[in-house]
Amino acid sequence: MDNSPKISIRNLNVSAGKTQILRNINIDIPKNKITVILGPSGCGKTTLLKCLNRLTDLYPELKVNGQIMIDDNNILAAKEDIYKLRQQMGLLSQRPYPLPMTIYNNIAYALKLRGIRNRRETHKLVMHYLQQANLWDEIRTRLREPASRLSIGQQQRLCLARGLAVNPEIILADEPTSALDPISSQFIEETFVRLKSEYTIVLVTHILRQAKRIADNVVFMYLGDVIEQGSVEEVFGNPKMEKTKLYLGGTFN
Amino acid sequence: MYLLNRKQRHTVNSTWMIISLLLVALLPFLLFIGLYLKSVLLLHDYSLADLIFSKVWRPSAGKFGFYPFIIGSVWVTVVAMLITAPICLLTAIYVTQYTKKFFLRIMHPAIDILAGIPSVVYGLWGILVIVPFISRYLGPWLDVKTMGYSILAASFVLSIMIIPFVLNILIEIFRSIPTELKEAALSLGATQWQTIKHVLLRKALPGIIAAFGFGLARAFGETMAVLMVVGNVVRLPKSVFDPGYTLPALIANNYGEMLSIPKYDSALMFAALLLLAVSLFFNLVMHFFIVRYNKY
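Chains as they are written, first to last, in numbering that gives the first Met the number 0: chain W, 0 to 252; chain L, 0 to 295.
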C-alpha cells in the first residue's frame with residue numbers, strides 16, 4: 000500500500016471578514032484510516048470539513064486560501080468540477096437531514112446523481128448501501144415510507160447510506176453522533192471501523208472517548224490552529240503540547 | 000401581596016383565554032348562521048341549483064341568477080392567480096437562493112409598502128393605467144375589441160395587490176428551510192438548480208400551497224379594486240377581455256338601494272353566504288393538500 004496521504008492540506012487559511020477562522024493549517028490525512036479531528040466547540044473543525052468538499056462556496060463571506068490536495072488535485076483551484084469533487088466524498092452532518100422523499104428515494108436520488116438510472120441496478124444498490132450502513136434489516140419493509148418517519152438514529156444511518164451511494168472515496172463526518180443515543184452512536188462507530196478498509200474517513204468530534212475508540216490518527220485543534228497531530232498512540236499516550244495535555248486531561252478552559 | 004393566590008390567578012387567566020378562544024372559534028359559525036337566516040327568504044322560493052346556475056339577473060322581475068357573478072369571480076381569481084403564482088415563486092427562489100442577503104433587506108420594506116397601500120388606490124391605478132393600456136394597446140395588438148374594463152384588468156390589479164402578501168409568505172418559507180438540508184443535497188453532487196427543484200421545492204410544497212391558497216382567498220374576496228375596473232356588466236364573459244361582475248362587487252354596488260325590491264335584500268345576503276362558502280371550501284382544500292404533503 001502506498002503511503003502518500005489521501006488528502007494533504009497546506010497553508011490553509013479561512014477568514015470571515017476580520018475574524019480568522021482557520022490559521023495556517025497543515026494536515027496529512029492517510030488513506031484507509033480514520034482521522035479524527037478533535038477540539039473544543041468553535042475551533043474551526045466544521046469549517047475545515049466544509050473546505051474539503053467546498054461547501055464553503057455557499058458562504059460568500061468566507062475567504063479561503065491555501066491548498067488542499069486530494070490525489071494530486073488542488074481542489075481549491077477554481078476550475079475544479081465541484082459536483083464531481085463532492086461526489087468523491089460522502090458527508091454526514093451533526094444532525095441527520097434526510098431529503099424530503101421516501102427512504103428508498105433518498106438513496107435512489109444519490110444514485111441518480113451518480114448517473115445510475117437502470118431500475119434493477121438501482122434496486123440492487125439501494126439494498127447494498129442500506130446494508131453497508133447497518134440499516135437494511137430494520138427498514139426493509141418500510142422503504143416506501145417518508146424518511147422523516149425514521150428515528151433520529153436510523154435517519155443518521157440513512158444519511159450515511161446516502162453518502163455512500165455517490166460512491167465516494169472519502170467519508171466526511173461532522174460530529175455525526177452528537178444527536179444520537181449511545182446505541183445508535185455505537186452503530187455508527189462500528190460502521191466506520193468496518194468501512195475504513197474501503198474509504199478514507201475524516202471524523203470531526205469533541206468526544207475524547209470516541210476518538211480513543213476508533214481513531215487511527217488524531218489532529219487536535221484549538222481556536223483555528225492545529226496544535227498537535229499524529230497517531231492515536233502518540234497524541235493520547237504522549238502528548239507533546241501543553242494544550243493537548245490539558246484537553247485530554249479534561250481540565251481545559 | 001396579591002388579591003388572589005397563585006392557583007386562583009391561574010384559574011382566572013385560563014378562563015379568560017378559553018373565552019377568547021371560543022369567541023374566535025365561534026365567529027365563523029355565527030356569521031354563517033346570520034347570513035343563512037337572512038337569505039332563507041330567497042332559499043324558500045328558489046332551489047339552490049336554480050340560484051347558482053341560472054343566468055338571468057333581473058331583481059325587479061324576481062329573477063335571481065347568480066351564475067354570471069360566480070363565473071365572473073372565478074375568472075378574475077383564476078387569471079389573477081395564474082399571473083401571481085409564477086412571479087411570486089420565481090422571485091422568492093431568486094431572492095432567497097441566488098442573491099446576497101442585503102438584497103433581501105432592501106426588498107422587504109418595498110414589499111411591505113406595497114402590501115400597505117389601500118385597495119382603492121390600486122383601483123385608481125387600474126383605471127388610470129391598466130384599463131387604457133388594455134383598450135389602447137393590448138386589445139388592438141391582439142386584434143380583440145375591448146373597452147378596457149374587463150376581467151383581465153381586474154386580474155392584473157388583483158395580482159399586483161396580492162403579490163406582496165404571497166411573496167412575503169413564500170420568502171419566509173424558503174428562508175426557514177435549514178441550510179444543512181441544502182448542504183446535504185449539494186454534498187451528493189447535485190447542482191444548485193437540482194437542489195432547488197428536487198429538495199427545496201419539495202420541502203416547501205405544503206407552505207407554497209398554503210401561500211397560494213391564502214392569495215386565492217384574498218383575491219376572491221377583494222371588492223373595491225376589482226369593482227373599479229371589472230366593468231360591472233351582468234353577462235357571462237366569453238374571454239378575459241370582456242367585462243364581468245363579481246360577487247363582492249354585487250354586494251358593494253347594490254346594498255343600500257335594494258330596499259324597494261322584494262327579496263333583493265335576501266339575494267345579496269345569499270351572495271355573501273356564497274362568498275363565505277367558497278372561501279371555506281378553499282380553506283378545506285388547502286388544508287387537505289397541506290396535510291397530504293406535510294409528511295416529508
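No lab work stands behind these hints, which were simulated from the structure alone.
For clarity, every value in this text was computed on a predicted model and none was experimentally measured.
Check before you lean on any hint, since a few could be wrong.
[Said to hold, decoys possible] Computed cross-link-like contacts, DSS-like style, restricted to lysine-lysine with a CA-CA straight-line distance of at most 25 Å:
| no. | chain 1 | residue 1 | chain 2 | residue 2 |
| --- | --- | --- | --- | --- |
| 1 | L | K62 | W | K111 |
| 2 | L | K62 | W | K83 |
| 3 | W | K195 | W | K5 |
| 4 | W | K111 | L | K196 |
| 5 | L | K6 | L | K37 |
| 6 | W | K211 | W | K32 |
| 7 | W | K30 | W | K211 |
| 8 | L | K144 | W | K17 |
| 9 | L | K196 | L | K54 |
| 10 | L | K99 | W | K78 |
| 11 | W | K239 | W | K211 |
| 12 | L | K54 | W | K17 |
| 13 | W | K62 | L | K37 |
| 14 | W | K62 | L | K262 |
| 15 | W | K239 | W | K83 |
Here is how each hint holds up against the structure:
1. L:K62 <-> W:K111: 62 Å, violated
2. L:K62 <-> W:K83: With a Cα-Cα distance of about 71 Å, the restraint between K62 (chain L) and K83 (chain W) is violated, given a limit of 25 Å.
3. W:K195 <-> W:K5: 13 Å, holds
4. W:K111 <-> L:K196: 14 Å, holds
5. L:K6 <-> L:K37: 45 Å, violated
6. W:K211 <-> W:K32: 14 Å, holds
7. W:K30 <-> W:K211: 19 Å, holds
8. L:K144 <-> W:K17: 64 Å, violated
9. L:K196 <-> L:K54: Outside the cut-off at roughly 44 Å; violated.
10. L:K99 <-> W:K78: 23 Å, holds
11. W:K239 <-> W:K211: Holds. K239 (chain W) to K211 (chain W) sits at ~17 Å (cutoff 25 Å).
12. L:K54 <-> W:K17: 71 Å, violated
13. W:K62 <-> L:K37: 69 Å, violated
14. W:K62 <-> L:K262: 74 Å, violated
15. W:K239 <-> W:K83: Roughly 39 Å between the alpha carbons, so the hint for K239 (chain W) and K83 (chain W) is violated.
This entry does not satisfy hints 1, 2, 5, 8, 9, 12, 13, 14, 15, going by the numbered hints stated previously.
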